[in-house]
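J.: What follows is each chain in one-letter form.
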Amino acid sequence: MTFEPGDRVRVLPSAKPGHVRTPGYLKGKSGWIEYMIGEFPNPEELAYGHSGLPERPLYKVGFLQPDLWDDYEGHAEDYLYADVYEHWLEPGEGGTK
Amino acid sequence: MSDHHPHEETTMSPYAARIRAIEGLLLEKGVLTEPEVQDSIAYMEARSPANGARLVARAWVDEDFEELLLSDAKAAASQLGMEPEHPAEFVVVKNTPGVHNLIVCTLCSCYPRAVLGRPPDWYKSFAYRSRAVREPRAVMREFGFEPPEDVEVVVHDSTADVRYMVLPMRPSGTEDLGEEELASLVTRDSLVGVNVPRL
Amino acid sequence: MASVHDMGGSPGGHIDRGQHEVEDWERLADAINAALGGRGLQTTDEHRRAIESLEDYRDLSYYERWVAATEKLLIEKEILTADEIDERAAEIERRWGGP
Numbered sequence: 003m004t005f006e007p008g009d010r011v012r013v014l015p016s017a018k019p020g021h022v023r024t025p026g027y028l029k030g031k032s033g034w035i036e037y038m039i040g041e042f043p044n045p046e047e048l049a050y051g052h053s054g055l056p057e058r059p060l061y062k063v064g065f066l067q068p069d070l071w072d073d074y075e076g077h078a079e080d081y082l083y084a085d086v087y088e089h090w091l092e093p094g095e096g097g098t099k
Numbered sequence: 015m016s017d018h019h020p021h022e023e024t025t026m027s028p029y030a031a032r033i034r035a036i037e038g039l040l041l042e043k044g045v046l047t048e049p050e051v052q053d054s055i056a057y058m059e060a061r062s063p064a065n066g067a068r069l070v071a072r073a074w075v076d077e078d079f080e081e082l083l084l085s086d087a088k089a090a091a092s093q094l095g096m097e098p099e100h101p102a103e104f105v106v107v108k109n110t111p112g113v114h115n116l117i118v119c120t121l122c123s124c125y126p127r128a129v130l131g132r133p134p135d136w137y138k139s140f141a142y143r144s145r146a147v148r149e150p151r152a153v154m155r156e157f158g159f160e161p162p163e164d165v166e167v168v169v170h171d172s173t174a175d176v177r178y179m180v181l182p183m184r185p186s187g188t189e190d191l192g193e194e195e196l197a198s199l200v201t202r203d204s205l206v207g208v209n210v211p212r213l
Numbered sequence: 540m541a542s543v544h545d546m547g548g549s550p551g552g553h554i555d556r557g558q559h560e561v562e563d564w565e566r567l568a569d570a571i572n573a574a575l576g577g578r579g580l581q582t583t584d585e586h587r588r589a590i591e592s593l594e595d596y597r598d599l600s601y602y603e604r605w606v607a608a609t610e611k612l613l614i615e616k617e618i619l620t621a622d623e624i625d626e627r628a629a630e631i632e633r634r635w636g637g638p
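Protein chains in written order, with the working numbering: chain G, 3 to 99; chain F, 15 to 213; chain S, 540 to 638.
Since the hints were derived computationally from the structure, they do not count as laboratory data.
Ideal placement from N, C-alpha and C gives every residue a C-beta, glycine not left out.
Treat the hints with care, since some could be wrong.
[As the list claims (entries may be wrong)] Below, in silico cross-link-like pairs of lysine-lysine (DSS-like), each with a Cα-Cα straight-line distance of 30 Å or less:
#, chain 1, residue 1, chain 2, residue 2
1, F, K138, S, K611
2, F, K138, G, K31
3, G, K29, F, K108
4, F, K138, G, K29
5, F, K43, S, K611
6, G, K18, S, K611
7, F, K108, S, K616
8, F, K108, G, K99
9, G, K18, F, K138
10, G, K62, F, K43
[What the hints assert, rightly or not] From the derived model, a few chain G residues whose C-beta atoms are all more than 10 Å from chain S:
#, residue
11, P7
12, P25
13, G26
[To be verified] According to the in silico footprint, chain S covers these stretches of chain F (three or more CB under 8 Å from chain S):
#, segment
14, 55 to 68
15, 79 to 93
16, 103 to 113
17, 133 to 142
18, 152 to 165
With the rest of the complex left out, here is chain G (with noise of 0.2 Å):
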C-alpha cells in the first residue's frame, strides 16, 4: 500500500469515462488518509464483465467540509469520509482533523 494513515492526499480531478466510484464532488480535493480499508477488484471494471483483478487499495479518506464546499453552513470542524480507491489519490497537502 503507498499511503498511511495520516498521509495528505489529494483526489486526481480525472474525467475518466465510464463506470467510476469517485464522485466527482470529492474530485481535486484534499483530505487525509483515516486508514486502509482492504484490498477489492476494480468497480471499473468489474462493470464491464471483467475479473477486476489484481485488486486495488481501498482507503477511507476523510476532508474537512469547508474544504468541499465554499458555502458550507455547519461547524468549520465538520468532516466527510469517502471510500476511495489508491489509483485516484496523489500525495496532497489537504487540512485534517
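Keeping the supplied structure of chain G fixed, place chains F and S upon it in accordance with the hints.
T.: This is chains F and S only, laid out in the frame that chain G set:
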C-alpha cells in the same frame, strides 16, 4: 424498445409487467429456478432494522460486544445470528459526545441490506443523496434533530465496498431498561444518523 | 461533466419522508437481481453501471431503474432478447388490463 402501455385506471408501473416477463422467461429457460427466486424474496423479507436495534442494544449493555461491533461488525452480527453482507464490508461507526455520524450513498443507495433490509425511500431519494454530503445539519433538521452545539457532524459517503451503520449513544434515563426495551428505542432513522434514539 | 447519478452536492429540494408500500413486483426485482448475482450471471458493479447509463434515470423510480438495468444486462449478455421480453410483457399487460 417496446411500446409504452399507459395505465390510466391504475398506477401500476409498466416495469411490473417487464419484471414478471423476465421472471417467466428466466424460469422457462432454466436460468433460474422457482425455489431460488422464492428464497431470494424470503431473504430480503427476513431482514429489518430490528437487527440493527439488537446490535445496538447489545453494545449498550456489553462493553466487549461494543468493542467487537466497532472492530469487526460482521463477527458481531454473526454472533447474534445474523448473516451480514458479503463480499462487501460492514462497518459500524460510533456516535460520541463529540461526534455525530451520518450515512449516505450519493452514487446509488448502498446500505447494509443484509442486516437491515431495504433502505427507506427517503434514503434513496435524489434530495437526500444530493444534500446529505453538503448540508448534513440542514438535512437532520428536516428530520427534527439538531446535535448539541459542540458536536461535530461526520458524513460517511459509502462510495465503494463498505456498508455503514451508526451506533447511536444510549439515551440518558435508560439505566433501568433491559436489552429488549433498549432495542425498541433504536429507530431505523437513528441507524442512518438522521436522528437519535429517545426515551 | 458529471453523470446524472453522481449527485453529491447538487441542489436538492425538501426530502420527502413518506414511505410507499413495497409492491410485489419490486420485491421480485430485488429477488431476480440477487438470484442472478448468486448464479454469477451479473455483478453489483455491472448492475450499477447499467443503471447509471439509463437515459431516463431521473424519470424512473428506484425499482424501475433496477428492472430497466437488469433487462439491459440480460440482453447484453444474450440471456434473453428484447423481443421476447417485449412480447411476454405485452401478454402480461393484456391479461392484467382486460379488454
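J.: Counting residues of the segment 133 to 142 of chain F with a beta carbon closer than 8 Å to any beta carbon of chain S, are there 3 or more?
T.: holds (count 8)
J.: When you check the alpha-carbon spacing of F:K138 and S:K611, does it fall within 30 Å?
T.: Given that 30 Å is the threshold and the Cα spacing comes to 21 Å, the pair holds.
J.: Is the Cα-Cα distance between F:K108 and S:K616 30 Å or less?
T.: Given pair F:K108, S:K616 is violated - Cα atoms ~43 Å apart, limit 30 Å.
J.: Within a Cα-Cα threshold of 30 Å, do F:K138 and G:K29 meet the stated pairing?
T.: Between F:K138 and G:K29 the Cα gap is close to 23 Å, so the pair holds against 30 Å.
J.: Between the alpha carbons of G:K29 and F:K108, is the straight-line distance 30 Å or under?
T.: 28 Å, holds
J.: Verify the proposed pairing of G:K62 with F:K43, using a straight-line Cα cut of 30 Å.
T.: 43 Å, violated
J.: Take a quick look at whether F:K138 and G:K31 sit within 30 Å of each other, Cα to Cα.
T.: 25 Å, holds
J.: Tell me if the straight-line CA distance from F:K43 to S:K611 falls inside 30 Å.
T.: Holds - the C-alpha atoms of S:K611 and F:K43 are around 18 Å apart, at most 30 Å.
J.: Tell me if chain S covers the segment 152 to 165 of chain F under the three-residue, 8 Å CB rule, please?
T.: Coverage by chain S holds here, the residue count being 3 at a Cβ distance below 8 Å.
J.: Do three or more residues from the segment 103 to 113 of chain F put their C-beta atoms closer than 8 Å to C-beta atoms of chain S?
T.: violated (count 0)
J.: With the threshold set at 30 Å, check whether the alpha-carbon distance from G:K18 to F:K138 stays at or below it.
T.: 25 Å, holds
J.: Between the alpha carbons of F:K108 and G:K99, is the straight-line distance 30 Å or under?
T.: It holds: about 16 Å lies between the C-alpha atoms, which stays within 30 Å.
Violation of the numbered hints given earlier is confined to hints 7, 10, 12, 13, 15, 16; the remaining hints are satisfied by the structure.
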